[in-house]
Amino acid sequence: MAASPDDAATNASADGEPARYLHMPPERRALAKAHAAMLAQTADRIAAALPIGADVDDFRRVLAAEAKP
Amino acid sequence: MTDLAQLSARALARAIRDKKVSSVEATQEAIDRLRACHELTNCIITLEADDALAAARSVDAAIAAGTAAGPLAGVPLAHKDMFDRKGKIASWGAKIRADKPAAADATVIARCRSAGALQIAALHLTEFAYGPTGHNYVLGHARNPWDPTRITGGSSGGTAAAVAYGAIPAGLGSDTGGSLRLPAACCGVTSIKPTWGRISRAGAMPLSPQLDTVGFIARHVEDLALMLGIAAGPDPRDPSAAALPVPDYVARLEEPVRGLRVGVDAKVVGEAHPDVQRMIEDVLAVLGRLGLERSPCAFPDWQTLDHLVQLVQLPDASAAHGAYLRARPDDYGPQVRSRVEVGHFIPAVDHLTALRARGTYLQRTLDDTFKSIDIAILPNLADPLPTIAELDVGGGPKVQAAMGRVVKYTRPINYLGLPTLTLPIPRRGGLPNGIQLIGQPFAEAQLLAIGQAYQREVPPEIARPL
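Chains as they are written, first to last, in the working numbering: chain C, 1 to 69; chain H, 1 to 466.
Think of the hints as simulated: they come from the structure by calculation, not from any bench.
Accuracy of the hints is not assured; some may be wrong.
Said to hold, decoys possible - Here are the computed distance ranges between Cβ atoms for each label pair: (1) H:58 / C:17: 34 to 44 Å; (2) H:35 / C:65: 45 to 55 Å; (3) C:23 / H:285: 46 to 56 Å; (4) C:65 / H:328: 35 to 45 Å; (5) C:61 / H:289: 35 to 45 Å.
Note that beta-carbon positions come from the ideal geometry of N, C-alpha and C, so glycine has one too.
Construct the entire structure; sequences and hints are all you get.
Here it is in structure tokens:
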């Protein structure tokens, strides 16, 4: 069943629960949240050591700079 | 000419060009063999026999007139059904499809066509190319031609099955977390996952554009070299396609490999099943006979890399599926639906952290891991070839762990964007499996030269000989 944009806006802001616009049974929602929380621990650790100048374009720059064709 | 199934695409093109066999004969045989393969493996989504035979007749006429051009003129191929073809709607392995035919060919399809290749079929893939095993809960699972109770690997399982069976010499696939490497390993054939950006993604169905990589599966490494040279290069339709010159990969196949250093991360490899560790040793023994030197190396913390790639992939895929998941959630199979949902729970700041750290991790890998080596070796699968039943977890609570184990050795490499060549193990009568050789950015020519030498020791095999 499709959710309307109004439903999505209401669901997203009602109680802070993420992705309320997705029709998920509680157990699958809990598993998804647990997986995201596990990954968030790694993101937190990496973010704490990442300099402010780190940029999403660094990856492409390094690939090109280190090219060994 | 009685055994076309054994030939490489390059050799078959030569035979057609020299009129030792016609393109019509080669194409008809490929169609017949692909039909038989489909009965065993469920590899076909759409068979396009009439169109392919008509194209083959045109090639034969052009050859007779001395006007046929292209290094693959008249060679029958088939590809994963996720690439745009003008006037057609790709299945994406899904119930949900584009609402109108493609306006133009995907760049890789156009380049294969310009090289003279024919396409005889569109082949099986995991739903939306989002799954590493070949399970497809919408169109039916793919089955391995060596043992139909076993997985083909995914998501490019149809291409790998058809190549392994000898129906086609090569075909296109894609790789976001292992989708070229795992099917090649499971089906005992080779694949090249090029450096991210080496081949244009224009017209390829997106899964996670930050990671998606188009590449090839083939029995012969020389075909990987030929087809990579045809497909690679800049493309105004894809700004991420690298502007670097494309080497003559075929000419460089015979470059010496003696003295090259192959790195082994004992800690990471040690997390594989003991049988898989023995497979790595078997391949290292072959590489040693070729003159490569074994050397220790250490990747950055492997679990951290695996988490970082998920922080990129999961929201990326969820965003790509934003419209369909909201409008047609019940048209997804259970496994892909559950995986596409997860990305919605990852904060944007975590996704961006993983993207911002990517250059740092790549530089660290090149400076440290590759400091004293030329290539690294890793398993593809952590375990011996699983059965379809063992990994039939649907969208249930085991899906993340089960899929995570399958892509344990492949997914982190997508985060680094490095080129990877998959080679089959020396099988000795057992089930197939494969290893991956990881190179430095855009060093595909070196990997392919190693693969070419390797196949002199471990020749290509066909799963179902005539």
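Right, here's what the structure says about each hint:
The supplied range of 34 to 44 Å is broken by residue 58 of chain H and residue 17 of chain C, whose beta-carbon atoms lie about 59 Å from each other. Distance hint check for residue 35 of chain H and residue 65 of chain C: the Cβ-Cβ separation is about 49 Å, which falls inside the suggested range of 45 to 55 Å. In this structure, residue 23 of chain C and residue 285 of chain H meet the distance hint of 46 to 56 Å, their C-beta atoms being roughly 54 Å apart. In this structure the supplied range 35 to 45 Å holds for residue 65 of chain C paired with residue 328 of chain H, their Cβ-Cβ distance being about 43 Å.
Checked against the given bound of 35 to 45 Å, the beta carbons of residue 61 of chain C and residue 289 of chain H, roughly 39 Å apart, stay inside it.
When the structure is compared with the earlier hints, a violation turns up for hint 1 alone.
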